[in-house]
Every structure is written in structure tokens, then in C-alpha cells.
Amino acid sequence: MNVIETTGLGKRYHQTWALRECSLAIPAGHVAALVGPNGAGKTTLLNLTVGLATPSAGVVTVLGGMTAGSPGALDGIAFVAQDTPVYKNLSVTDMLHLTRNLNRHFDGGYARARLGELGIPLKRKAGKLSGGQQAQLALTLALARRPQLLVLDEPLANLDPLARHDFMATVMATVAENGMSVVLSSHVLAELERVADYLILVSGGRVQVAGEVDDLLAGHRVLTGPASDSRMHEELAVVHERRAEAQAHLLVRTGGPGDAVPPGWEAHPVGLEELVLAYLRQPGAAALPGPARTKNAKPTEVAR
Amino acid sequence: MTAMATSAQPARGARLRPVPWRGMAWVSWRQHRATLAGLVAALGLAGLYLYITGLDLRHEVAAYGEMFTANGSGKMEMTPTAALLQVLPALIGAFVGAPVLARELETGTFRYTWTQGFGRERWAAAKLAQIAIAVTVVAGAFGFLFSWCYEPIIGVRQGLSPLMAITFDLRGVAFAGWALVAFAIGVLAGVLIRRVVPAMFATLAAWSGLAVVTGAYLRSHYEAPLVTSGFRPLSAAWVIGQRWTLHGKPVSTSAVDHVLHKLGAIEAAPGVFGAAPSGSGQPGGGFGQTASAASPSSQNVNPVPYLVHHGYAQLTTYQPASRFWPFQWIEGGWLLALSLLLIAATIWLVRRHAA
Chain A
508 MNVIETTGLG KRYHQTWALR ECSLAIPAGH VAALVGPNGA GKTTLLNLTV
558 GLATPSAGVV TVLGGMTAGS PGALDGIAFV AQDTPVYKNL SVTDMLHLTR
608 NLNRHFDGGY ARARLGELGI PLKRKAGKLS GGQQAQLALT LALARRPQLL
658 VLDEPLANLD PLARHDFMAT VMATVAENGM SVVLSSHVLA ELERVADYLI
708 LVSGGRVQVA GEVDDLLAGH RVLTGPASDS RMHEELAVVH ERRAEAQAHL
758 LVRTGGPGDA VPPGWEAHPV GLEELVLAYL RQPGAAALPG PARTKNAKPT
808 EVAR
Chain B
58 MTAMATSAQP ARGARLRPVP WRGMAWVSWR QHRATLAGLV AALGLAGLYL
108 YITGLDLRHE VAAYGEMFTA NGSGKMEMTP TAALLQVLPA LIGAFVGAPV
158 LARELETGTF RYTWTQGFGR ERWAAAKLAQ IAIAVTVVAG AFGFLFSWCY
208 EPIIGVRQGL SPLMAITFDL RGVAFAGWAL VAFAIGVLAG VLIRRVVPAM
258 FATLAAWSGL AVVTGAYLRS HYEAPLVTSG FRPLSAAWVI GQRWTLHGKP
308 VSTSAVDHVL HKLGAIEAAP GVFGAAPSGS GQPGGGFGQT ASAASPSSQN
358 VNPVPYLVHH GYAQLTTYQP ASRFWPFQWI EGGWLLALSL LLIAATIWLV
408 RRHAA
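Which chain is which? The protein sequence lines are A and B, in order.
Using the working numbering, read the first sequence as starting at 508 and increasing by one per residue.
Using the working numbering, read the second sequence as starting at 58 and increasing by one per residue.
Quick caveat, the hints were computed from the structure, so don't treat them as lab data.
Just so you have them, the derived chain A footprint on chain B, three or more residues with Cβ under 8 Å:
1. 80-87
2. 174-181
Covered stretches of chain A (in silico footprint by chain B; criterion: 3 or more residues with CB under 8 Å from a CB of chain B, positions within the stretch not fixed):
3. 556-562
4. 582-593
5. 608-620
Each residue gets a CB set at the ideal place from its N, CA and C atoms; glycine is no exception.
Please take these sequences and the hints and turn them into a complete structure.
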């Protein structure tokens, strides 16, 4: 089952396309990270997924073929929006009642136990909680619905490092416990490296990279060699090139583990953050499942 | 529950029973109880004043009878009170209606609420229906209290027609209708403007415009007005207009004034004639010179038989007081229809709102 599947999905606000020709499929059972620069269309894609926005073009289905925003989709997906909105004038207990009344499933015992562990007082107004506590409250409300898919839009943006860690620990504990799928957008790359096993990179309203993290890391490597050696460009799918004095660092796509390292060059495995940064610096490059992922095409050609 | 267990239920959501409506009762109550308490407190205070005034009026009627009813000070009190109460529906629209959706959109909490299992259209429908009913019931009770309070004088005392603009919309079902339509305007402004304070001002403006247009133009056409040629004052009727005819043909007011002026009389009130005061009180220009020339003895001439004798007739267009209840139901009816339309439009906008 794909928790999110889009085909030619596009969203236009007035004359501007916030998201265009987005086709992707995120299988169930992953923690999928949606990354990209500000304004890349991450929030738009998530809003379309949870039914807050309707597509201008294309189709988006969730949880194995349900229309986004349909009753079944709303029931199975919990969404924590950017800045984790909660009713500031309601107490934590009221927020629990509110969420229970608005949903078919709500595990109140779990929610109370979790808030107790976190030391969040039930009688306090939600608006009087710290930013980290508000985020934890919003997350707890979402998790207590026992969703099949948890969607988080920039959950870490306004949190300090400790709160970030606690937040992601809560998410990962639930994933380990019941196999919930997660899609989260973020530009905090360092946090994602530890948790995400699926990556979608969106840039300029288009999907640039999509795939399992392990596959992506195995499918790329960094070659270091003499900068004067330009034959590499003809033979390899170079995503990004960085030159430091006489040395050239090339991030290249590999056809498989058997790719021979050219004489005079050294190969290194690539990290997720490095990979993401390379693609972000090279908006023309793409690594997508399907026909776009051809070994010999030049990055610019791939994108067109 | 494991990943396999969750993905093994593809039917989940295919045909779901919706989340029960009753959940929204608690949600609406919890989120809007302060507003509703404010509404009840405001109308309750005004209602208490009306209750005391109503008792006072009845004491005075009991003590002085017809004399008080016809001439007492109640009219002087009623007009400013009624004028003040006119703003109540507008305030209901601005303070109860406008924030309902505008606050959600302004603070971003709609991203939480609209993604819950309840569904945003149902959420909006349930919430708006519940508050609308509460507003209508409270306002309806207030409207009937106002009617009761001034019952001893409205329609009885000279010049206080039950159809009079300043009290008609505070009474009976019309007040409930005006409060409801103000609420509906408020929620629609909220979803369109998406910010609380501008939506409040827009609500005040839109409601005032509608109320002015209704009072000034619409209400007098709910039924075709009646016309009378009598000169007797129509005590409880709502006089819409008057014109003069001479041998059946329309004649201008200034021509009639001219004739009257020769008699030294002016029309003090519709159908009421009196002696023209000398000097500055002259109607129109061009008569000033003849005013002083008018013979003092001519003040004793009764102008009505004189005018009738010379072929003049005054046609008064009016709505009889007996049309009060039909007009109340007409006004209440179209306000209810308009409110439902506005609320339906609001729900439609919530449905297609793009985050």
C-alpha cells in the first residue's frame, strides 16, 4: 500500500504554481522525509495530502487509494501543522476532549499517560505551555488518534535541540510500537539523517529526488581526484561537482556496486546530508524512480 | 497493531460511519460558551430595563388611563431606547458571528480542526447551526419582551405606529430575524476576510446597509400600500407619502401651500393644519413677502372645507396598523431565508477553502 500517491499533481495559487507535475508514491511503513528549500512546495504537498487544499491539476490519493480529505482519509491520517496550532484559550484537558469528540478513535488513556510522562499539566491553558510543550501536546493529540499515517509539517522548526530530540523520540517510539507510517517535512537535515528511511526532495515546485534512503546512498558516491581530469564528466552521471584547488569532488550516481573507480580517483560513500545538499545546489539534477533515472544522462538532461 | 494489521484493513474508510454529531455539541459549547454568556448578559441587562419600564408604563396607564396613553412621557423615553437597541443585531453579528471562522483562519487552528475525523463541512455546519439557533432563540425572547414592554403605547398613542421603523425591527420575529442575519453576515465575512477585526467592521457595515435599505425602501412594499383621500389623521397607520390633487390631477405641494398661505394656515403635520407663525417659520421661498400681508382675521378660516370646496384632495399612501403581523412574518421570513443562504455559502466556502 502506498500511503501517499500522486500523479501529475499540481497546485496553483493565483498565477503561481506552488507545486507542479508531482508524481510520487510513498510506500507504507516508512518514515519519509520531505526536504527542500523554503517555498519549494513542501507545505503545499502536505496540505494537498491531508485535504486542506484541493489540487489544481492531477490526483492525490492516500492510504491505498482514498481521496485526500475524504472521511476515510481524515480518519486514518493525523496531521500536525506548522507551528503546531492549538486553541490557546483551552486547557490541555479541553484539547483532549475536543480531539476525542472530533474523531472516531481516540486513546485518552495513552494521551494522559504521555502528557504525564512529559510533565505537561492537564489543567494549564495550551497557550501558556512552552513551545516545546505545545508541540508535544499537538503530537500527543495526533498519536492518540492511532493514525495509519502521521503527517508533520516542519515539526522541528521552532524547537530547541532538546525538544527536537524528545519530539522525534516520541514519533520513533510509536513507529517502533505499531508500524505507523510517517511523512514529515523539514529543513533540519541533521535530525532527519537519524530517523528517515525514505527521502523526497522537492525544489522549485517539482520533485527532484525520491526513494529509500539506503538505495539513494548506495546509488551515489563521492569521487575525489585531480581537477584536471575532465573525462569523468563524459562517463559518469555527475550530480554535483566541487573543486578545491587541484582536487575535484564529484557526487556521482552509480549503476551498482560493481562500478569501477577510475585510476587516480578515490571513492567515498556519501552521507544523506551531503546528498541532499548536492541536489539542492544542482536544481537541474534529478534522481527519480523510473525512466528519469538513467545512468548516462547528464544531470540537466534528466531534469528536462 | 502492526504495519501488517493496519494495511490489512483497506476497507477502513471505504464506508465509514461518520463521527457522531453529538461530539460537536460539546465542542461548540466549550468554544463559544463565553460568547453566548456575553450575549445573554447583554440582552439580559437590556431586557431587565425593558421589564422594569414595562411595569412602570402599566402603573401609569392604570393611574392616569387614556390621558397618559395619549400624551404621557413614554414616547420620549421609548425613542432613544429603541434607537440604542437598534445596534444590538449589528453587535451580535460582529462579536458572535465574525470571530467564529475568522479566528480559526487567523490563528491557524483550522489546520488542526479541519484535519480531524469529523470533517470540515460537517464541523462548520454543526457549529454554525448551533450558534445560529442559540442567537435566534435569545433574540426572539428579547423581541417579545420589547413588544410586551411598549404594548401600552405603541399603536395607541398618536404618531407611534406599530409599523414605525424604529420599533418594528425590535419586535416579534423581526428582531430574531435581524439578529440571525447579522450572525450569518458575520460568519460569511469571517470566512471571506479571514481576520477577526476587519471581518467585524465589514459585518457592521454590511448589516447597517441592509437595515437602512430595508427600513427606507423594502418594508413599505411588503404589500401594496393603501391610499386614502381623507384629511383625518391616521392614528396608528404608517404614512408613507402624501400628495395633493386638484380635480383629480396631481398638483404640487407648493401650489397647495400657496393657497393655504392666502388663508394664513400651514400644514403643521400630515393632515393637521394650523395658523401660520409669522416670520421665520415660512415654508419655501417667495412667500415671505405675502406672509406679513396675510390678514389676521383669515387665521380663523378652517382650511379643510375650503380646500375640499375648491376641488383639492389630499391622497395619503399608508400601511394600516393591522398589517403588523403579516409584515413581521414577511420580514422574519425573508431574513431567515437570506440567513440560511449566507450560512450555506459560508459552509461552501469552508469546503473549498484552500489552505
